[in-house]
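4 protein chains.
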Amino acid sequence: MTVCARAAGRVKINLMTGYESGGPTAILLMKCPDRKGLVRELADFISRHGGNILHADNHLDYETREFFGRFEWELDGFTIAPERIADAFRPTAEKYAMEWQLHFSNEKPAVAIFVSRLAHCALDLLHRWEIGEMPGRVAAVISNHDDLRAAVERRGVPYHYFPITPQNKRMQEAKQLELLRSLKVELLILARYMQVFTDEFIAQYQNRAINIHHSFLPAFVGASPYARAYERGVKLIGATSHYVTPHLDAGPIIEQDVVRVTHRDTLADFMRKGRDLERIVLARGVRLHLEGRVLSYANKTVVFD
Amino acid sequence: MTVCARAAGRVKINLMTGYESGGPTAILLMKCPDRKGLVRELADFISRHGGNILHADNHLDYETREFFGRFEWELDGFTIAPERIADAFRPTAEKYAMEWQLHFSNEKPAVAIFVSRLAHCALDLLHRWEIGEMPGRVAAVISNHDDLRAAVERRGVPYHYFPITPQNKRMQEAKQLELLRSLKVELLILARYMQVFTDEFIAQYQNRAINIHHSFLPAFVGASPYARAYERGVKLIGATSHYVTPHLDAGPIIEQDVVRVTHRDTLADFMRKGRDLERIVLARGVRLHLEGRVLSYANKTVVFD
Amino acid sequence: MTVCARAAGRVKINLMTGYESGGPTAILLMKCPDRKGLVRELADFISRHGGNILHADNHLDYETREFFGRFEWELDGFTIAPERIADAFRPTAEKYAMEWQLHFSNEKPAVAIFVSRLAHCALDLLHRWEIGEMPGRVAAVISNHDDLRAAVERRGVPYHYFPITPQNKRMQEAKQLELLRSLKVELLILARYMQVFTDEFIAQYQNRAINIHHSFLPAFVGASPYARAYERGVKLIGATSHYVTPHLDAGPIIEQDVVRVTHRDTLADFMRKGRDLERIVLARGVRLHLEGRVLSYANKTVVFD
Amino acid sequence: MTVCARAAGRVKINLMTGYESGGPTAILLMKCPDRKGLVRELADFISRHGGNILHADNHLDYETREFFGRFEWELDGFTIAPERIADAFRPTAEKYAMEWQLHFSNEKPAVAIFVSRLAHCALDLLHRWEIGEMPGRVAAVISNHDDLRAAVERRGVPYHYFPITPQNKRMQEAKQLELLRSLKVELLILARYMQVFTDEFIAQYQNRAINIHHSFLPAFVGASPYARAYERGVKLIGATSHYVTPHLDAGPIIEQDVVRVTHRDTLADFMRKGRDLERIVLARGVRLHLEGRVLSYANKTVVFD
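Chains as they are written, first to last, in numbering that gives the first Met the number 0: chain V, 0 to 304; chain C, 0 to 304; chain E, 0 to 304; chain L, 0 to 304.
Don't take every hint at face value.
What the hints assert, rightly or not - Here are some chain E residues pointing at chain C (derived, C-beta under 10 Å):
#: 1; residue: H54
#: 2; residue: E93
#: 3; residue: K94
#: 4; residue: H126
#: 5; residue: R153
As the list claims (entries may be wrong) - Have a look at the derived ranges for each label pair, beta carbon to beta carbon:
#: 6; chain 1: L; residue 1: T261; chain 2: E; residue 2: Q194; range: 38 to 44 Å
#: 7; chain 1: C; residue 1: V220; chain 2: V; residue 2: Y61; range: 38 to 44 Å
#: 8; chain 1: E; residue 1: P23; chain 2: C; residue 2: R116; range: 47 to 53 Å
#: 9; chain 1: L; residue 1: S223; chain 2: C; residue 2: E199; range: 49 to 55 Å
#: 10; chain 1: C; residue 1: P162; chain 2: L; residue 2: S223; range: 32 to 38 Å
#: 11; chain 1: V; residue 1: Y61; chain 2: L; residue 2: M193; range: 38 to 44 Å
#: 12; chain 1: L; residue 1: P81; chain 2: E; residue 2: Q194; range: 29 to 35 Å
#: 13; chain 1: L; residue 1: M193; chain 2: C; residue 2: A173; range: 51 to 57 Å
Unchecked claim - Below are the DSSO-like pairs computed for lysine-lysine, each with C-alpha atoms no more than 30 Å apart in a straight line:
#: 14; chain 1: L; residue 1: K272; chain 2: V; residue 2: K272
#: 15; chain 1: V; residue 1: K107; chain 2: C; residue 2: K107
#: 16; chain 1: C; residue 1: K107; chain 2: E; residue 2: K168
#: 17; chain 1: E; residue 1: K35; chain 2: L; residue 2: K107
#: 18; chain 1: E; residue 1: K35; chain 2: L; residue 2: K272
#: 19; chain 1: E; residue 1: K299; chain 2: E; residue 2: K35
#: 20; chain 1: E; residue 1: K174; chain 2: E; residue 2: K35
Simulated from the structure, these hints should not be mistaken for laboratory data. No residue lacks a Cβ here, since even glycine has one placed at the ideal position from N, Cα and C.
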């Protein structure tokens, strides 16, 4: 069971004054073995405490009979205080053997961006955060190079430089973990971070670390996907955002997209077109996660968008 | 209040023997002013009669506070016989002032395809129906020309030829209405039908007549959209499937898509590329409607896909 | 050196009477090592015999310094008779060590469609041919099953049934080759044909046999790509048309496209969405080939579209 | 006749050290009434002075018999010095009554970015310029607000603030023109600039001012396209980059693209999705122009991509 408070709901825009939030909402994201009456029981929990359901979405996997649900309701008028909802819901969750998460749209979870030298994804995320588009709060940028320090710090974000060698890797990861915990970071974003984490590190952030891979997975797993796509003569190139697992580029896929290429495109053109794709596919994956829309199971995802 | 029995649910495929149906389901599609407890009440109606909810989806329009819902549950184990569900649900519906429809996945509603001379959309729909892909039953093809008779009749579908002139239009429409009623047709599909119906005719099939317009609406309303797109020098052409209303090409949009064109494309190329687009966009719109996934309001649609 | 007469050029449409051809054109498709003066020499050959160039397109591969060109000119006013152009051009071709093809837009090359049981691609090609959209002539449909005989024969196309077993495969292929030669077939289209040809058979139709594979190659090479895509949890599925080579699903790619899927899509939905994709991606590949727009090299293609 | 030196050709990338240029090239972009021998004459001009043609592309408009061409050749080995090519080519150009431009890939033309308050397009262009992706040089950012000064100046780009009122508009435009001339600006980029220029101003930059409009033109010309798209219930929203003419949002279209929306998307979601689209569609239009790939005629464009 995981209880976490994250930013979700939809940001509303005031056309004159800029961005502002809608009324705060609670989001329950859950899965459990399917049983009759589940939707009723969940709706009942919300309704009998005065909650007005804005979105109810669910999915049933026919093969495994696993039930997935996402319920979002207005906190305004809800008779249980936000900090007490988890306790109030726990008996219901236990009755159905649920895995569940609780998010609040007015809380912006801390995220850490990991980047190496290619800056486009990391800077794009920072830009989205600056204009109020990201439903999270950038608590740190972490890199194995010192190149982007100035660009990051001038935006008021702390920059942490952890050079990595085969010898110091575990030690540095330990320090990174310490930092992430001290900052209460709830999501790692690997924005073209060229280091592979140890399994031990990844285990701490299961379904909470999103990577962008610059290919249409499962094509071109691993290094140099653009060069291999160019070599193969494909007519579309892709990008994939996915949760990180111990298996390289094999975690649950959150979002994918493609762009057309032709024989006129050089490898540099593949990379240029790919940069636009990577930025968008990573940003979409991050947004879906932070809004409490993604559930992972059987190495796949259910995305309530 | 409309009660209608239509094919919905997802066709399942047996990889060895071809297409076969999943277990039968009921689908409730409804809208009403938002009130607390709606989801609970709807879920409760299904659950207390032994129904297992496969899909629950809803939408709240923030501005109008209108609530839209789609609930699909297994008929297997449901304690109310299908033909009595409408009566059993009516009190709940009236309590909340709902507009609602009831569909059953194992009933294939009758559809009529209207076509003039351009055959690609109509033949495509017939092909989809032949291979079991359309969740409906083609009861008739109706045309103001006799050209496609052979192609239609060899598929075992009745072909009805109604030549239209300004003088006979109302009389012919009256005969068409008679035919449609005798066949219990529940959906009209205008597959490049070049006649405009009278308002009186359309009023009989509000939100039950789907047209394909060969442009990205609202661009290029009316005649010759490809020629006008060519003249304007657009870089994408589109197609739109929408419900027919008395206002030309202005009804609620169900589905749209586009395809890229370049300066190298002649008007004939626009038409060729457009044919592929029209077939797919119309077929998608028809499928969404027949599966009970589309609700219309404020000249827009809610599509539970 | 290959000299072949194929349909190319762009079909023009008369909006009132239907499809009609533009003026006939010649198309030269060539490749050779890059040398200064190549474009001039090719343009000079056409111009000094009174030809008006409609399209000149070329491509230089920077790494291999291979030059690729496509020149299309009006036969009207050209002082060399079509049947003598190849002889007249040969000295130029030999001087530059070209591989080259000559096509004529008013000649429709014979094609043979190979299909097993899944009919959608084959029937789609027949429909395109019937409405004048395919720049070729369907000379035969060949199948290892007898299922589609009626659907094909009622369109006036000969249907040839060659049941295949491990024992009779080579013998049947020999008969197929004999048939293809007697019909002067210039392009094989594998429209979901579930047999793998022997290398000897394929060698006869190098770069003249187009297959549709129902995945975004190189992902999901081989059997059951939809099932494997479903298993992997991808968010887009694809289709690829490519030239057949002795290596399974590894030949030069002509065209690819994708369509979005979600966790709500069952395997049957993948297949349904995929059918639309397969039809379009195969038809595009066939059209590009028949219009003399595709050159193959280094297991890739140059597509002059 | 316009002679201008602009950055074109394809930037190549060194995977280890970052971006570097390929060998310098010359690009001739021309149009004139079609005549036999044009391609030969153009190819001959290049070849007889030792130029190696990398790309030759042309287009013939069948209706107007207007001929459009783009030729790119290596300057290495070309016997005419770059600064003398225009004079050497002029007699040929005059013989055929050409309109023509000459670009050089190793010269980066000066561009000015106009922006009001919405920063995403302008900052995106600056980012592309910083990482070497833009084939131009940002000489100035010009705004009718002072909001973005810091963000621009910290990138080392001069920021010019011209507040506009109905009273001072012509005077401010005169000052802007003076500034643009002093900076030798060859392209204006209107990156969500909310002022409409006077016709006199626009006349100075015909086919040299690119605007981004946040709709799929010709749908939703003018103000608030997202709000109107939302109101109409479209299923796709678009963006269009086009040359500015005296007629609002009616100039020649260079590039368009779309993104899918659903009933779940609020107007704020339209705007968020639109921002990604606008950035990419504007950047593509700018790139195509700066690489000498766009010719304008009859209020359309020929794009040699």
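Right, here's what the structure says about each hint:
no. : hint                          : in the structure
1   : H54                           : holds (8 Å)
2   : E93                           : violated (32 Å)
3   : K94                           : violated (31 Å)
4   : H126                          : holds (6 Å)
5   : R153                          : holds (6 Å)
6   : L:T261 <-> E:Q194: 38 to 44 Å : holds (42 Å)
7   : C:V220 <-> V:Y61: 38 to 44 Å  : holds (42 Å)
8   : E:P23 <-> C:R116: 47 to 53 Å  : violated (28 Å)
9   : L:S223 <-> C:E199: 49 to 55 Å : violated (36 Å)
10  : C:P162 <-> L:S223: 32 to 38 Å : violated (46 Å)
11  : V:Y61 <-> L:M193: 38 to 44 Å  : violated (52 Å)
12  : L:P81 <-> E:Q194: 29 to 35 Å  : violated (59 Å)
13  : L:M193 <-> C:A173: 51 to 57 Å : holds (55 Å)
14  : L:K272 <-> V:K272             : holds (18 Å)
15  : V:K107 <-> C:K107             : violated (48 Å)
16  : C:K107 <-> E:K168             : violated (43 Å)
17  : E:K35 <-> L:K107              : holds (27 Å)
18  : E:K35 <-> L:K272              : violated (48 Å)
19  : E:K299 <-> E:K35              : holds (24 Å)
20  : E:K174 <-> E:K35              : violated (47 Å)
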